[in-house]
Each structure stands twice: as C-alpha cells, then as structure tokens.
Amino acid sequence: MTQAGKTLALVEQFQYGLDAPICLTWELTYACNLACVHCLSSSGRRDPRELTTAQCRAVIEELERMQVFYVNIGGGEPTVRPDFWDLVGYATAHHVGVKFSTNGVKITPQIARRLAGSDYVDVQISLDGATAEVNDAVRGPGSYATALAAMRNLAEAGFKGFKISVVVTRQNAGQLDDLKAIAEEFGAQLRLTRLRPSGRGADVWDELHPTAAQQRQLYDWLVARGEQVLTGDSFFHLAGYGEALPGLNLCGAGRVVCLIDPVGDVYACPFAIHESFLAGNVRGPGGFAAVWRDSELFARLRRPQTGGACQACSAYDSCRGGCMAAKFFTGLPLDGPDPECVKGHGERTLAAAAGAPVPRPFGNHSHRNRPVPVTIGPRPARHRPDRACDENPLADFRP
Amino acid sequence: MSTEAPPLAGFDLDRPWQLHPQVSVRPERFGALLYHFGTRRLSFLKSPALLTVVRELGGAPSAREACRRAGLTGAELPAYAAALGTLASSQMIRERGES
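Taken in order, these protein sequences are the chains called L and Y.
Number 128 in the working numbering belongs to position 128 of the first sequence; there are no gaps in the numbering.
To convert, take the position in the second sequence, counting from 1, and add 1000; that gives the working numbering.
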C-alpha cells in the first residue's frame, strides 16, 4: 500500500467523475482593466448577460449543497464587479471557500487588512515576469507596478502565503529563480501555470510558449522544488520526462473540475471555452447540479478514454496524452499527442498539419478601441483561433 | 493485509480523536474527500469503512472503539491506524482536548 499505489487508485476513481467538482473555476465577469495578450477568456468588456448578484448567490447556495469545498474566482478582473466583496462574503458564510485571481488593481491596504483576517479566502496575484519589462509586454503597461503594490499591501497587512501566479512563457522561463525570490520577499508562494492556446492566447501561443529546451529546464526546476512551488497540476504533460510532478497528473475536465463563465455557461474546463466543451448553463432547469450530473458532454468525458495515436508510446501512462484544450485549439486530434509533447510527437503532428484550419475560440470580449499590445514578435503566418485560462482548480492538491 | 503487520508507531489508537473543526467531509463512491480550510489541503479517505471510522471518532472514547463501531477486526486495524496516522499528520484529525 505505497503512496504511489494509493494515488493511482484515486486517479482511476477520479477519471469516472465525482458527485460534485472538488473545486471549480468561476469567472465572475469578462470586464477587465487590462488586456493581457494571452487572456484565456478574451476578457475586456463586461457581457450584459452576466449573472446578477441574486443569480450568483443562488449558484453559491447550490455549491454549498453539493459540498464544493472552494471556488477559484477569476475573470476578467473579478474585483471590478461592484458586488465582488459581497459575493466573497456570501460564499464563505455558506462554507464555500474562495480563492480569487486578480491583477491587484483593487487590493488597497484596507482591503488587504480585511483579507488577511479571513481563513476562508485566498488571494492569487497574477504576474508574468520578474521584471516590469517582461511582465508588461504580456500584461500591459503599469501592470507590474500594480501587482507589486498589491503584494506589498498584502504582506504589510500580514497576509501570509498568498499566491503569485505566473504563466510560464518563452520570455519568463529563464526568470524562475527571480520569481521565486519575489514570492519569498513577500512571504508568498509561487505558482506556475502553463500557457494555453485558448482565448487570445491562441493568437500568441506560437511566439510565447516555452521552447522544448525551456520545457525540459522547467521540468528539472519543478522536480527540484516541487514541494514549495504550486503548479495547479498544470504541467502533467511533462510527466513524460520520467518522474511525475506533484499533483494528480490527470486532466480533470468535467471529471473533477469545470468552469462557470460570467453568463452562467458551464464548460468542461477553464481552458476550453468553446461550444464543443459547453455542458449547459446554471440558469437552466436543475441549475448547476443538473449540468454537472447529467450533461452528455461530461458523461462522455467520464467514460474511459482511448489513447489513440499515443497508446503505443512508452510515456502514455504518465502524461495521458496531455491537455485536451491545448490540442483542440492547435487543431490537433483529442486522442493524439499534446502540442508540447515532450517526445516531440506534437510538434511533428503540428508541422504536418500546418495551414489546416483550427477551431476558433468562442466569444470575444476584448476591448474594442484598445489594441491588444502584441509586441513580442511577428504574428504567425498560420491562422490561429482566439480564446484561454490560467487556473486549473486542482491547484494545491497533493494526493 | 497480513496479520503479521508490524506494531504501529506514531498513532495512538487508545486516545480520543476528532475531526478537525475546520475540515469538511464529502462522501464519494470510493470513500470521501476531505478539505481543510485552514491549511487549504485536500485529502481523501480511500474506503467507505474509513469514512465510518472518521465519523465515529468524535463520539467514541478512543480511535480503537471508533474502528470497532465501523466493524473492523483486529487484522484490519494496523492499516486503518496507519491511515488515521496520515490524517493526523496533515491535521485532518486531532486528539480531543487539544486546542
């Protein structure tokens, strides 16, 4: 009865789905003060159909009944919703823990003090570079200063162990030690997540995703520091290198996690905002619970999956074919290799399919009159979709 | 499970235990999921019998009695005590009387 044996058994169980998600991502609004080039949800402008305060409260009550332990709230920038703090309070009063992702714009000293006083609220500040130059190229001018001010406020308020969440890119992959030092300086914990070709991320994935050599360095770095750095189980495709990284090493889409978007649509995961992964809406009959339990899409995801082209690969048992959303939005078959397959199979498949149409992401909430600052490099010649997520809700899980 | 399992170190079956007040328990087919709101860690109970033990802990004079109430026989005890020891080390359960 080794730890590994137990974990395997649990993963088998999880693949058939749970009665309720362990936790889920809930994007409260598409409104955002920033316009990050890799935004998973193509956020910018609020959607007029976004859930009202009363509808959000009804969702929270349902999550309490289903015993969903906590929600990862994101957006958009969730704190710009006028009812944001009320909803956080409502969730914790209903025994639903909250971890929210923010660019820091509303984390004033006063708010930071309030947050430091709650056991049931965790904060995650997004930062995509150890320097303003690297961060602001992706997240926009001034965003580094905003994030650091928020961190300082949290640290000064005595908030211990908040998260600093970094999407690993070609530009910041060499800054991992510096990013860790920043986290340590503020008494925070570093969290690294994978860049997905979802949302606006589809447009920049070719230029921003880490090179094969950087992926290998990232893996070695994570193996060496796995216990102190969170990954949201984001890099399970790297398990193909050998030793599995801490976490479930499993795609939890529709099985243990899902996404509720600002208009109440339920998707299999935060990285898969597309009609192919749309399971239903919380406003439908039976609410969220009915979607989770009865959706045909989720039932399909919970059935045993075939490894397809990957079945014969020696790494399949560890990487399990990688990320469904990454494959989908790069135009790869879902039962084939991940575009960043460590054996190079994804790269080869992508090269062979160059020029073929890829699925367009769903919905675009980008600011109309504010061009997204793509300054990293030339746009790829290949036509790419436009949509993404930076948060696997299995974040801190250690089986 | 072998009956010659070595005696347990670290978990005292004869003390009174309880679920940590900040832990939420959700039954699942395979047993249960546990979430600790203080440590923000997730854990799991890998059998329905272990779930019964955990639920009985708070009302039983000892963990051994909670196991008995869950119908566990002597040969099974070491494995369950080890599982309880793991839960204790992650603060999911704690000795009664501790604050």
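Quick caveat, the hints were computed from the structure, so don't treat them as lab data.
Check each hint, because a few of them may be wrong.
[Stated by the list, open to error] Pairwise CB distance ranges, derived in the manner of DEER restraints: (1) A312(L) <-> A1082(Y): 43 to 51 Å; (2) A224(L) <-> G1097(Y): 38 to 46 Å; (3) P304(L) <-> R1015(Y): 38 to 46 Å; (4) G187(L) <-> Q1091(Y): 18 to 26 Å; (5) P357(L) <-> Q1091(Y): 35 to 43 Å.
[To be verified] With the Cβ distance kept under 7 Å, some of the chain L side facing chain Y (calculated, not the full set): (6) F69; (7) G97; (8) L115; (9) D177.
[Unchecked claim] So these bits of chain Y aren't anywhere near chain L, every CB distance computed over 12 Å: (10) E1028; (11) G1038; (12) S1062; (13) E1065; (14) E1095.
Yeah, the Cβ is synthetic: ideal placement off N, Cα and C, and Gly gets one too.
Hints versus structure:
| no. | hint | result |
| --- | --- | --- |
| 1 | A312(L) <-> A1082(Y): 43 to 51 Å | 38 Å, violated |
| 2 | A224(L) <-> G1097(Y): 38 to 46 Å | 41 Å, holds |
| 3 | P304(L) <-> R1015(Y): 38 to 46 Å | 43 Å, holds |
| 4 | G187(L) <-> Q1091(Y): 18 to 26 Å | 21 Å, holds |
| 5 | P357(L) <-> Q1091(Y): 35 to 43 Å | 52 Å, violated |
| 6 | F69 | 4 Å, holds |
| 7 | G97 | 6 Å, holds |
| 8 | L115 | 14 Å, violated |
| 9 | D177 | 25 Å, violated |
| 10 | E1028 | 6 Å, violated |
| 11 | G1038 | 6 Å, violated |
| 12 | S1062 | 24 Å, holds |
| 13 | E1065 | 24 Å, holds |
| 14 | E1095 | 21 Å, holds |
Comparing the model with each numbered hint stated earlier shows that hints 1, 5, 8, 9, 10, 11 do not hold.
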